[in-house]
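Chemist: Single-letter residue listing:
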Amino acid sequence: MKILVCISHVPDTTSKINFTDNDTVFDTNGVQFVINPYDEFSLTRAMWFKEKQGATVTVVSVGNATTEPTLRKALAIGADDAVRVNAEATDGLFVAKQLAEVVKNGGYDLVLAGRESIDYNGGMVPGMLASLLDFNFVNGCIGMEIDGNSVTLSREIDGGNEQLSADLPLVVAGQKGLVEEKDLRIPNMRGIMMARKKPLAVLDPVDITAATSAQSFEKPAPKGAVKLVDADSVDELINLLHNEAKVI
Amino acid sequence: MSVLVFADSSEGKFKKPAFEVVSYGQKVAESIGSNVVVLTINAADSSELYAYGAEKVVSVSNDSLKTFNAKAYASVVQQVAKAENATVVVIDSSINGLYLAPMVAVGLEAGYASNVVELPSETAPFTVKRKAFSNKAFNNTTITTDVKVVGVAKNSYGVHENEVAGTTESFEPTISDADFGVTSVSIEKASGTITIADADIVVSAGRGLKGPENWGMIEELATVLGAATACSKPVSDLGWRPHNEHVGQTGKPVAANLYIAIGISGAIQHLAGINASKVKVVINTDPEAPFFKAADYGIVGDAFEVVPKLIEKLKAFKQA
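Which chain is which? The protein sequence lines are Z and H, in order. Residues 0 to 247 in numbering that gives the first Met the number 0 are what the first sequence lists, from first letter to last. Residues 0 to 319 in numbering that gives the first Met the number 0 are what the second sequence lists, from first letter to last.
Chain Z extracted, bound-state conformation (with noise of 0.2 Å):
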């Protein structure tokens, strides 16, 4: 089994946001860049079937060169190899199209993906990378077994969860559950050194016109400060949330 799983270079949780050149550009200065989180409850339940259903494992970006530190952390992780489009990820049906070029070529049965990027938060490329290669797709999904050519999966729904079957070629968007926080696993010096010489291939993306366009940032009006109430005075909280704020 061919196993692709895509990630996300994204700006930590904790990084500052800001923009550059008229508010067009997200400014990457000082700020820390990681698997997707998302991806990475992925990328970790891959590395379950590498190892226990000698399963191999590709990871793929689609980026410039600044984004391979986060596929040859992919790599550390357990991944064999890396494939990196050169090209910047502008669009959600651009990635998707480039992705698709990727999995036709390389022959995978199976494509894992993060229900969203914690960056753009479009949560559109595993959805429509399916579609262009039609695959069946899971999205949301927390929970995976695969048993030959069928799989068997669930997904969160609304104030539940959903058991699903589909066969192998699949495209699974993951979340927590997938695997659990606990399991993610954090590099070790030995999986940091062979990670170094593991294949990562450059290619040249497919030419595509995207079909929408980043045109500027903004970011929420600066918030006031907190109203603090006294402890001992909660009538005033059910006062304010239902005077002022009017939510009760």
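No lab work stands behind these hints: they were computed from the structure. Here the structure is a predicted model, which is why all the values come from computation and not from measurement. No residue lacks a Cβ here, since even glycine has one placed at the ideal position from N, Cα and C. Careful, some of the hints might be misleading.
So the derived label-pair ranges between C-beta atoms look like this [stated by the list, open to error]: (1) Z:218 with H:194: 24 to 32 Å; (2) Z:241 with H:158: 17 to 25 Å; (3) Z:243 with H:292: 18 to 26 Å; (4) Z:241 with H:286: 22 to 30 Å.
Here are some of the chain H residues that sit facing chain Z, going by a computed Cβ distance under 10 Å [what the hints assert, rightly or not]: (5) 102; (6) 123; (7) 124; (8) 197; (9) 271; (10) 282; (11) 304; (12) 305.
Add chain H to chain Z, keeping to what the hints say.
Modeler: Leaving out everything else, chain H in the frame of chain Z:
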């Protein structure tokens, strides 16, 4: 030309996001001089949508669509979009909406903007404001394709009443076995409780509660307010509360009208997941807890003293 809105229903009934997307779609249609068409699948009473401006409803009734199936639903949305010559397709940001929208976009060769929080700022070029960086910024995005798919962020535009004399037509979609490559085996659903996704008010508690045995007052507060209960990540990691209550970055997103955080310090990952809520209240013993910087109202105090008092006073308030 039309603006097509998919109004999702669960067991035949519409929920708030359906009314929100209909309100939104009607306004978009008005601004581009077009008509709104609302698609429903197996809804019991489509005429409920007339109150929000749905002049024309296209109703699909089909037994094979009783359980949500993203690919089949996406195919129906595409068929109706084509039949109605839709230039804009509006979908909600529920779990199912987020599942099917990217598939619809590819099927219609449309550009897709998700997490949209306002009406388009311009319609030519079609520009919308989206949430980005986990609620730490917004991104103004232009959709450049002929057909556009807009995902409206939950509880952002709001529900706007706008009664019209609507009409409902039925539509027979072509359903193919190939759409059911992913099949639903079973569904487990808690009944009788308010889900975090549906709730207008969410009462959430953290490690400050010291142990799972102390959740009685959180549940009681939620009952008094008609709220859903939620918890922070450490609490679900410790097994004090079920995983499906975990809200925050890797847990469930919350976009409620009122979010009450009790004994939660406000780690950045937690705030990223709940920041879309309109009004935030924090109750914490530590005045330096980061949540006080994110909250609208706060009480510095011990949850074990404040919460029982709050329950008592709220009961009196509700009866008044």
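Chemist: Each of the hints needs a verdict: does it hold here or not?
Modeler: Do the hints match the structure? See the list:
1. A hinted range of 24 to 32 Å holds for the C-beta pair residue 218 of chain Z and residue 194 of chain H, which are about 31 Å apart.
2. For residue 241 of chain Z and residue 158 of chain H, the hinted distance range of 17 to 25 Å is satisfied, since their beta carbons lie about 20 Å from each other.
3. Evaluation of the 18 to 26 Å hint for residue 243 of chain Z and residue 292 of chain H yields a pass: the beta carbon distance comes to about 20 Å.
4. For residue 241 of chain Z paired with residue 286 of chain H, a C-beta distance near 25 Å keeps the hint of 22 to 30 Å intact.
5. About 5 Å separates the beta-carbon of residue 102 of chain H from the nearest beta-carbon of chain Z, less than 10 Å, and the hint is met.
6. Annotation: residue 123 of chain H was flagged as interfacial toward chain Z, and the flag is violated, the nearest CB pair being 14 Å apart, outside 10 Å.
7. Taken as an interface hint, residue 124 of chain H checks out: its beta carbon lies about 9 Å from the nearest beta carbon of chain Z, inside 10 Å.
8. With its C-beta approaching chain Z no nearer than about 7 Å, residue 197 of chain H sits inside the 10 Å limit, and its interface hint holds.
9. For residue 271 of chain H, the interface hint holds, since its Cβ comes within 10 Å of a Cβ in chain Z; the closest pair sits about 6 Å apart.
10. Checking residue 282 of chain H against chain Z: minimum C-beta separation of about 8 Å stays under 10 Å; hint holds.
11. Look at residue 304 of chain H: its Cβ gets to within about 7 Å of chain Z, closer than 10 Å, so that hint holds up.
12. Annotation: residue 305 of chain H was flagged as interfacial toward chain Z, and the flag holds, the nearest CB pair being 5 Å apart, inside 10 Å.
Violated hint for the displayed structure: number 6, the only one.
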